[in-house]
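A.B. asks: Got chain A sorted already, so can you dock chain B onto it with the hints?
2 protein chains.
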Amino acid sequence: MSDDSASPPPVRRSRPGRPEGRGNHREAVLDAAERTFAERGFAGASYREIAAEAAVTQAMITYYFGSKPDLFREVYLRRGRQLAGERMALLEALQAREAPFSVEDVVRAYLVPPFGLVTSTGGRAFLRLQARLHAEPDEMAFGLRREVYDAPVRAFVTVLAGLLPHLPADVLYRRFAQIIGIYLYILSDAHRISEISAGAAAMPATETMIAEIVAFTAAGLRAQSAA
Amino acid sequence: MSDDSASPPPVRRSRPGRPEGRGNHREAVLDAAERTFAERGFAGASYREIAAEAAVTQAMITYYFGSKPDLFREVYLRRGRQLAGERMALLEALQAREAPFSVEDVVRAYLVPPFGLVTSTGGRAFLRLQARLHAEPDEMAFGLRREVYDAPVRAFVTVLAGLLPHLPADVLYRRFAQIIGIYLYILSDAHRISEISAGAAAMPATETMIAEIVAFTAAGLRAQSAA
Numbered sequence: 001m002s003d004d005s006a007s008p009p010p011v012r013r014s015r016p017g018r019p020e021g022r023g024n025h026r027e028a029v030l031d032a033a034e035r036t037f038a039e040r041g042f043a044g045a046s047y048r049e050i051a052a053e054a055a056v057t058q059a060m061i062t063y064y065f066g067s068k069p070d071l072f073r074e075v076y077l078r079r080g081r082q083l084a085g086e087r088m089a090l091l092e093a094l095q096a097r098e099a100p101f102s103v104e105d106v107v108r109a110y111l112v113p114p115f116g117l118v119t120s121t122g123g124r125a126f127l128r129l130q131a132r133l134h135a136e137p138d139e140m141a142f143g144l145r146r147e148v149y150d151a152p153v154r155a156f157v158t159v160l161a162g163l164l165p166h167l168p169a170d171v172l173y174r175r176f177a178q179i180i181g182i183y184l185y186i187l188s189d190a191h192r193i194s195e196i197s198a199g200a201a202a203m204p205a206t207e208t209m210i211a212e213i214v215a216f217t218a219a220g221l222r223a224q225s226a227a
Numbered sequence: 001m002s003d004d005s006a007s008p009p010p011v012r013r014s015r016p017g018r019p020e021g022r023g024n025h026r027e028a029v030l031d032a033a034e035r036t037f038a039e040r041g042f043a044g045a046s047y048r049e050i051a052a053e054a055a056v057t058q059a060m061i062t063y064y065f066g067s068k069p070d071l072f073r074e075v076y077l078r079r080g081r082q083l084a085g086e087r088m089a090l091l092e093a094l095q096a097r098e099a100p101f102s103v104e105d106v107v108r109a110y111l112v113p114p115f116g117l118v119t120s121t122g123g124r125a126f127l128r129l130q131a132r133l134h135a136e137p138d139e140m141a142f143g144l145r146r147e148v149y150d151a152p153v154r155a156f157v158t159v160l161a162g163l164l165p166h167l168p169a170d171v172l173y174r175r176f177a178q179i180i181g182i183y184l185y186i187l188s189d190a191h192r193i194s195e196i197s198a199g200a201a202a203m204p205a206t207e208t209m210i211a212e213i214v215a216f217t218a219a220g221l222r223a224q225s226a227a
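Top to bottom, those sequences are chains A and B. The first sequence: position 200 = 200 (my numbering), numbered continuously. The second sequence: position 194 = 194 (my numbering), numbered continuously.
Next comes chain A alone, as it looks inside the complex:
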């Protein structure tokens, strides 16, 4: 599966160069791989299963994506880059507007894109894949997370620093890390809220949950530094 020089799959071979329908096949493979990696993890997912899910040949997956780490990387980056782009667009929109913006606005701009993933099957598969990253080989998981998340985090922290000049940079970064921990946990584990409360609380509508995290974390961000 790591043979980058594999010849193109037999289907559509009559046309040299880029096969017809490449975009559709690529997306179908990425969708199927996203579901399969989310379900079985990196090690447990096989090209056989992904090929069957996507209704393509295993050779076609190898042709388009190469080895399994390469495929995983494409799956992760496809949605990760979209997430990063949405976050940056919302942050830039805040900075571009005439009205002043608040700590709450900035946190909301960070949270809205990942919560949007809940509404689609593929988005939910990505969230599960993301929650499983801890169990994947570190050298793979760490690099991908850095590539997707670190630049937006720095941009958001820089904007927050302007609103919270009383906080040293290291404290602000550690507060931002707490926001990341919150949303990853809430998104990966929605039903824990009703479990821990024995049904006294539940995961509310997405907008309400975002508003509650914004209220909690904005107050936390404004707190005096404990240091």
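Note that these hints are calculated values from the structure, not bench results.
Not the full set, but computed from the structure, chain B residues with beta-carbon under 7 Å of chain A:
#1 Y173
#2 A177
#3 E195
#4 F216
Far from chain B by the CB rule (all over 10 Å, computed), these chain A residues:
#5 A28
#6 E49
#7 A55
#8 Y64
#9 G66
#10 R78
#11 Q82
#12 E92
#13 A96
#14 P100
#15 P113
#16 T121
#17 M140
#18 G162
#19 T206
Stretch by stretch, here's where chain B covers chain A in the computed footprint (C-beta under 8 Å, at least three residues):
#20 144–155
#21 173–186
#22 193–205
#23 212–224
Where a beta carbon is used, it is the ideal one built from N, C-alpha and C, also for glycine.
C.D. replies: Quick look at chain B alone, frame taken from chain A:
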């Protein structure tokens, strides 16, 4: 491996009933299993490897623990119950003392025990195993978490409710879930803080990190409800 009626292992067979040194062997197997499950996950861990690590026979593991799910359960509950016990003891000590206690005191009582796990090899293995739980079969992971964490969470939320009477119970539970998300993330992913900040911040000494989480979350808990 799921044969509960397996005969005792050949070693120390001269003594009927409980083998000599049972406590030591049990603990050695649990320690080795904790490391192996943390490293390889439930599916990837084998009795062969655990037996070699613990310097016992595979038959002895089966004799003491039965099937692999049973062993995983014992590994998880050993440290999970200790954590729950420490939390409850700290909470009860707060309630028993003469001086009034604050939201900060309650949050600290919840956080100190898991941060204590960082100081031992076995504790760190448990934290990694815990972080991997998302990748384990739901029916196993969910039941174990419920058994270990839910009763303490309810006790802590009940005490917090007395200090924060302005908050509806469901909001308070969702705020507490955010605290859980924070500490699980910070403990499982300490180096992310220096990654996201490009070295501008790092995981500080345990006491400082606890103080920072307490300051952040106590302010969050006191915030007006967004609902």
